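Undergrad: Residues per chain are reported as follows:
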Amino acid sequence: MCLGVPGLVVERESAEADMPSAVIEFAGVRRVVCVACVPEAEVGDYVIVHAGLAISRLDAEEAERVLECLRAIGEDEGWTGETQPAANESSS
Amino acid sequence: MKYVDEYRDPVLARRLLDELRRTVTQPWAIMEVCGGQTHTLLRNGIDELVQPLVRLVHGPGCPVCVTPLELIDKALAIAAQPGVIFTSFGDMLRVPGSSDDLLRVRARGGDVRIVYSPLDAVRIAAENPGRNVVFFAVGFETTAPATALAVVDAKRRGLTNFSLLVSHVLVPPAIEAILSAPASQIQGFLAAGHVCTVVGFEEYFALTDRYKVPIVVTGFEPVDLLEGILMTVRQLEQGRHEVENQYARSVKRAGNSTARALLDQVYEVCDRPWRGIGVLARSGLRLNAEYHAFDAETRFAVEGIHTVEPPECRSGEVLQGLIRPEQCPEFATRCTPERPLGAPMVSSEGACAAYYRYGRRARPVASEPIPS
Chain A
1 MCLGVPGLVV ERESAEADMP SAVIEFAGVR RVVCVACVPE AEVGDYVIVH
51 AGLAISRLDA EEAERVLECL RAIGEDEGWT GETQPAANES SS
Chain B
1 MKYVDEYRDP VLARRLLDEL RRTVTQPWAI MEVCGGQTHT LLRNGIDELV
51 QPLVRLVHGP GCPVCVTPLE LIDKALAIAA QPGVIFTSFG DMLRVPGSSD
101 DLLRVRARGG DVRIVYSPLD AVRIAAENPG RNVVFFAVGF ETTAPATALA
151 VVDAKRRGLT NFSLLVSHVL VPPAIEAILS APASQIQGFL AAGHVCTVVG
201 FEEYFALTDR YKVPIVVTGF EPVDLLEGIL MTVRQLEQGR HEVENQYARS
251 VKRAGNSTAR ALLDQVYEVC DRPWRGIGVL ARSGLRLNAE YHAFDAETRF
301 AVEGIHTVEP PECRSGEVLQ GLIRPEQCPE FATRCTPERP LGAPMVSSEG
351 ACAAYYRYGR RARPVASEPI PS
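Those protein sequence lines, which keep their order, are chains A and B. The opening residue of the first sequence carries number 1 in this note's numbering; numbering runs sequentially from there. The opening residue of the second sequence carries number 1 in this note's numbering; numbering runs sequentially from there.
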């Protein structure tokens, strides 16, 4: 139930003062979502949506910084990238 | 899609797993609190990949599972009343009450509707002025801002036919209950990233200090979870017990200030019983005096509820990480998703459902020597 789905802000609807909303695209599906809790979100931003409400605007710099750190793991251990992934790769 | 694909990258997952193997010198027991994380771990086989270095213990973070039986029975009684439109997230419909579930109430003519958002329930109330619309407000801190916003919206629209049946629960008191239990063997926690997205993680500092356990705020994709596990293990191996944030792309230390302000506007903290666990002090949210008129429990007088739990259901022990689902004798025999004895077998966040769905039946644990 704490499932939060990342989506791309593709349109900010007219700022209806009481219940600001935006059109969010989730892997091809578009949906109108309340953005009252992320008033700073703009077209092109990614947000996490839970139960029809955007609860955060994703921090692109932070995401990139973490991915860079992860990509660097094992580099100095002679890791060649040839190991077959053992994880189940299905993305559901 | 961005922010999804990178965090499902099998090459990154393998690197994290290799790094975990290089880091661990002894086995550790780590609890993931959130049921959504339990399902991702099992769906991707991470629980088996990290054995025997790390034993993942599944926590009580399934709001549907911990909703008290008495409240479910009340929901069933309200939903059966003529003139009521009872709205709920889909997960709740098959959760067994004492003798019934919402799906069967609907089959007998009750107007029970699944909604995606509590805001949709307010819309239904506006469109049906002659009917009483109730939303079953189940969920942790992640969900409470949406239900708070719904009741604020209903009040602003002047809707008198909308109410909430509130069963919101809070994560930190549940973690503290697990840590303070004498039988607890949990050495570190993955805290639920979306709960912390809303309320932040400042409350956890007192827990890491008092109980000397690391708590790592963790996201929901496989790479997030593996990194969260690695960060926890690094702390354990180095003898540290700190609050760390793996999910910084979504979680700020103080959470989302607008969402927190909504919670303060509408709710107040209360003691609440957790199904299978018992009453935990200051572990729930209820509507405050200003929004009391929107409380379905006062609007609908439901008397004479006598709850009956199936004595053979051991979901309370599962929810506290004391047994694994397949250690329950009823698992996958008398208790299945089609005929559940307890809520963890039907919820999309229930550990029993995850073990059933991903084939974790009783079998020997994969053995692999711990690297020296």
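Since the hints were derived computationally from the structure, they do not count as laboratory data. The reader is advised that the hints may include incorrect statements.
Calculated lysine to aspartate or glutamate pairs in the EDC-like style (CA-CA distance at most 16 Å, straight line) [said to hold, decoys possible]:
id	chain 1	residue 1	chain 2	residue 2
1	B	Lys-74	B	Glu-237
2	B	Lys-252	B	Glu-203
3	B	Lys-2	A	Glu-25
4	B	Lys-252	A	Asp-59
5	B	Lys-212	B	Glu-176
6	B	Lys-252	A	Glu-61
7	B	Lys-2	A	Glu-61
8	B	Lys-2	A	Glu-62
9	B	Lys-2	A	Glu-13
10	B	Lys-212	B	Glu-237
11	B	Lys-155	B	Asp-120
12	B	Lys-212	B	Glu-242
13	B	Lys-2	A	Glu-40
Chain A regions said to be covered by chain B (calculated; three or more residues, Cβ under 8 Å) [claimed, not checked]:
id	region
14	2-11
15	27-39
16	48-54
17	57-63
These figures come from a predicted structure and were not determined experimentally. The C-beta atom is built at its ideal place from N, Cα and C for all residues, glycine as well.
Undergrad: Now tell me, hint by hint, if it's right for this structure.
TA: Here is how each hint holds up against the structure:
1. For the hint pairing B:Lys-74 with B:Glu-237, the CA-to-CA distance comes to about 48 Å; that exceeds 16 Å, so the pair is violated.
2. Restraint check for B:Lys-252 and B:Glu-203: the C-alpha separation of about 13 Å stays at or below 16 Å, so the hint holds.
3. Straight-line distance between C-alpha atoms of B:Lys-2 and A:Glu-25 comes to about 11 Å, which keeps the hinted pair within the 16 Å bound.
4. This hinted pair checks out: B:Lys-252 and A:Asp-59 have alpha carbons roughly 10 Å apart, not beyond 16 Å.
5. For the suggested pair B:Lys-212 and B:Glu-176, the alpha carbons sit about 12 Å apart, so the restraint of at most 16 Å is met.
6. The hinted pair formed by B:Lys-252 and A:Glu-61 meets the criterion: a straight-line CA distance of about 13 Å does not exceed 16 Å.
7. Restraint check for B:Lys-2 and A:Glu-61: satisfied, since their Cα atoms lie roughly 13 Å apart, inside the 16 Å limit.
8. For the given pair, B:Lys-2 sits about 14 Å from A:Glu-62 by alpha-carbon distance, which is consistent with the 16 Å threshold.
9. About 23 Å separates the Cα atoms of B:Lys-2 and A:Glu-13, which puts this hinted pair outside 16 Å; it is violated.
10. Restraint check for B:Lys-212 and B:Glu-237: the C-alpha separation of about 13 Å stays at or below 16 Å, so the hint holds.
11. With a C-alpha separation of about 15 Å, the suggested pairing of B:Lys-155 with B:Asp-120 holds against the 16 Å cut-off.
12. Annotation: proposed proximity of B:Lys-212 to B:Glu-242 holds, straight-line Cα distance about 8 Å (limit 16 Å).
13. The suggested pairing of B:Lys-2 with A:Glu-40 is violated, with an alpha-carbon distance near 20 Å, which exceeds 16 Å.
14. With a cut-off of 8 Å between beta carbons, the region 2-11 of chain A has 5 residues touching chain B; three or more are needed, and the interface restraint holds.
15. Closer than 8 Å: that is the beta-carbon criterion, and the region 27-39 of chain A has 6 residues meeting it against chain B, so the requirement of 3 holds.
16. Coverage of the region 48-54 of chain A by chain B holds in this model, with 5 residues showing a Cβ closer than 8 Å to a Cβ of that chain against a need of three.
17. For the region 57-63 of chain A, the proposed coverage by chain B is satisfied: 5 residues have a C-beta within less than 8 Å of a C-beta in that chain, meeting the threshold of three.
Violated hints for the displayed structure, listed by number in ascending order: 1, 9 and 13.
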